Amino acid sequence: MKKLFTSFLTATATSLALIAAPGVFAAGGPVALDATPAQKLSDRAAMQNGAKTFMSYCLGCHGLSAMRYSRLADIGMTEEQIKAVMPPGAKPGDYIRTSLNRTEAKDWFGAAPPDLSVTARSRSSHSGAGTDWIYTFLKTYYEDASRPTGWNNKTYVGVGMPHVLWDAQKSKSPAEFDSMVGDLAAFLNYVSEPAQFSRKTIGAVVMVFLAIFFVLAWRLNKVYWKNIK
Amino acid sequence: MASENNVTTTGLLGWIDTRFPLTKLYKEHLSEYYAPKNFNFFYFFGSLAMVVLALQIITGIFLTMHYKPDASLNAAGVPVAFASVEYIMREVPFGWLIRYMHSTGASAFFVVVYLHMWRGLIYGSYRSPRELIWIFGCAIFLCLMAEAFFGYLLPWGQMSYWGAQVIVNLFSAVPLIGPDLSVWIRGDFVVGDATLNRFFAFHVIAIPLVLVGLVAAHIIALHEVGSNNPDGVEIKKNKNADGIPLDGIPFHPYYSVHDILGIAGFLILFCAVVFFAPELGGYFLEFNNFIPADPLVTPPHIAPVWYFTPFYSMLRAVTDLFTWVMVASAGLGALAVLRARWPMIIKGGAIAALLVLAITFRVFDAKFWGVVIMGGAVVILFFLPWLDHSPVKSIRYRPNWHKALYMVFLVNFFILGYLGVLPPFPFGQAYSLVGTVFYFAFFALMPIWSRIGDFKPVPERVTFKPH
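Quick mapping for you: the protein sequence lines, in order, are chains V and B.
So that you can map any letter, position 197 of the first sequence is 197 in the numbering used here, and since no number is skipped, the others follow by simple counting.
So that you can map any letter, position 62 of the second sequence is 62 in the numbering used here, and since no number is skipped, the others follow by simple counting.
Hints in this document: simulated from the structure, not taken from any laboratory.
Check each hint, because a few of them may be wrong.
[Stated by the list, open to error] Derived pair list, reagent style SDA-like, types lysine to any residue, alpha-carbon separation capped at 25 Å:
no.	chain 1	residue 1	chain 2	residue 2
1	V	Lys-226	B	Thr-463
2	B	Lys-24	B	Met-50
3	V	Lys-226	B	Ile-395
4	B	Lys-465	V	Leu-220
5	V	Lys-200	B	Val-458
6	V	Lys-222	B	Lys-237
7	B	Lys-237	B	Val-458
8	V	Lys-229	B	Pro-466
9	V	Lys-226	B	Pro-466
10	B	Lys-27	B	Ala-216
Everything numeric in this text was worked out from a predicted model, so none of it was measured.
Using the sequences and the accompanying hints, generate a full structural model.
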């Protein structure tokens, strides 16, 4: 039995090693992604900055239709701060929707700009987190006269979106611009799963509970089984 | 007519027992169900499968309270079904927890069921008199696959949509009725709202109903004949004066406390995923499935979830080249029949049938045979009790090369699974072909190889070291 179990484990481990070894068979990936500064992903001030950037630069075309404005309180924004970033006519309980007309947008850009509620998750891949993709994407625009908008992107070749942050990039130092984009990525990361922070906190408590439960179950089992000869 | 029942209990329990066999059921299935005392690690997974089934049903009920099977677009241009999942994730209190438990539970179900099946395979738990337990189990596995497939469409992401599209399209390869069949399954010419609604109906009621019934049959059959064990020894052969197996112990309390320990261990791993890695690197929740379904944009790479990938590899292995392999197998089969000592008429009939089959292998589309191979990979499991002719049940007493063969089978299954995740590439395709042939040869030739080798003597009693 011991031997069998060992060989079972060996076989499983061998197979898992094969599975875990990325790029053994996989073809070369796209542009290497820059990692979003890790501390931003849990930094409320960064997320709030990102929210402001989003409302002024992105909301014209992209919605966050799964989120209500009022939920920005989760990242520490006060009611006044939330109202200050809301477009005219919006109420705190409204979903964050763009006023762009989808049919018209299709004519202008070739495709309606996607809703960005879960983009930080959908853009994840084995080459990096979704936030890293967003962070890299927004930093890799370059001028390209052959494109209808005059812009192209190294991370998303042939993208329909022009370089919306161009004036910001022009007026800021590269470090400042990276920080601005990092804040935006951190905000979109929060939006993609607002429960992610409480999830980990609750998870830690659950794990402690289960560890105690496991020890009790183990002792209980031991007590009963000592009679079995 | 109803016979006089011997009720020994009194009070409320006595009142119930004269009307419903409560105490009788409790004794038969728990306190006086004698299980072998030498169960090992692999014997946790039956009870764990029940736990996961219960988790899936309970979380599923709560999910249906807010989920909407509706493919139309909402005001923001997001499909209602997709948006309702995000609504659960954000606006329903602890909706995220229920959803992650359900999505992780789907993968966990396959993890425990695969381990449970592996246990049955190596210890010969399918051998007489347990053939029906095994057959019910295989039917449960089939139901589970259907359940997972239908459920995977519901979040209405790109992988949901295109995965369903690919699988339903396979049915269009069935000769003659194929195109009509696939339209009938979808309820439309493409996967759409009609498909989503019927898959929802199958996922929440039709399949679970069958599944629960099969689980009941699986357990009733098990408790009728008694559990096998890692030694493959029948404990009912050695009983004491009271008719209690000498190597048996009551399920309750011994295995109930034991299974609680298993559940505690399982929950630690399960909750680690739910709370800290619900996507599990894209294997439990695929990244592309966070893009709403778009019938106009085909994703560059469509991969099923990990638990289907070994079978998906087999499907992809069936190309034109593979149909020649199938023709060759039919030819070898015909040769074997020729040498068999059967009456001429049966021999002639069998050879003629094999030759006709060999011709159809080339006449019908390879895509159709891919579907047959993929389905056959599961169906062949049903026949296992009659394929295994080894003189011993448990792998412990089999020749060493049998053990090696089972390990090769396991590794092959893992590799096929890994290749099924990746986009097709030449080496992978070549391996899948060999791996698929090996998978089928393992079972098809089992009546021959399982008898060969030096088997070790099986002890009279189970081997057990007190803890």
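Quick rundown of the hints versus the structure:
no.: 1; hint: Lys-226/V / Thr-463/B; result: 17 Å, holds
no.: 2; hint: Lys-24/B / Met-50/B; result: 22 Å, holds
no.: 3; hint: Lys-226/V / Ile-395/B; result: 28 Å, violated
no.: 4; hint: Lys-465/B / Leu-220/V; result: 19 Å, holds
no.: 5; hint: Lys-200/V / Val-458/B; result: 51 Å, violated
no.: 6; hint: Lys-222/V / Lys-237/B; result: 28 Å, violated
no.: 7; hint: Lys-237/B / Val-458/B; result: 13 Å, holds
no.: 8; hint: Lys-229/V / Pro-466/B; result: 5 Å, holds
no.: 9; hint: Lys-226/V / Pro-466/B; result: 7 Å, holds
no.: 10; hint: Lys-27/B / Ala-216/B; result: 17 Å, holds
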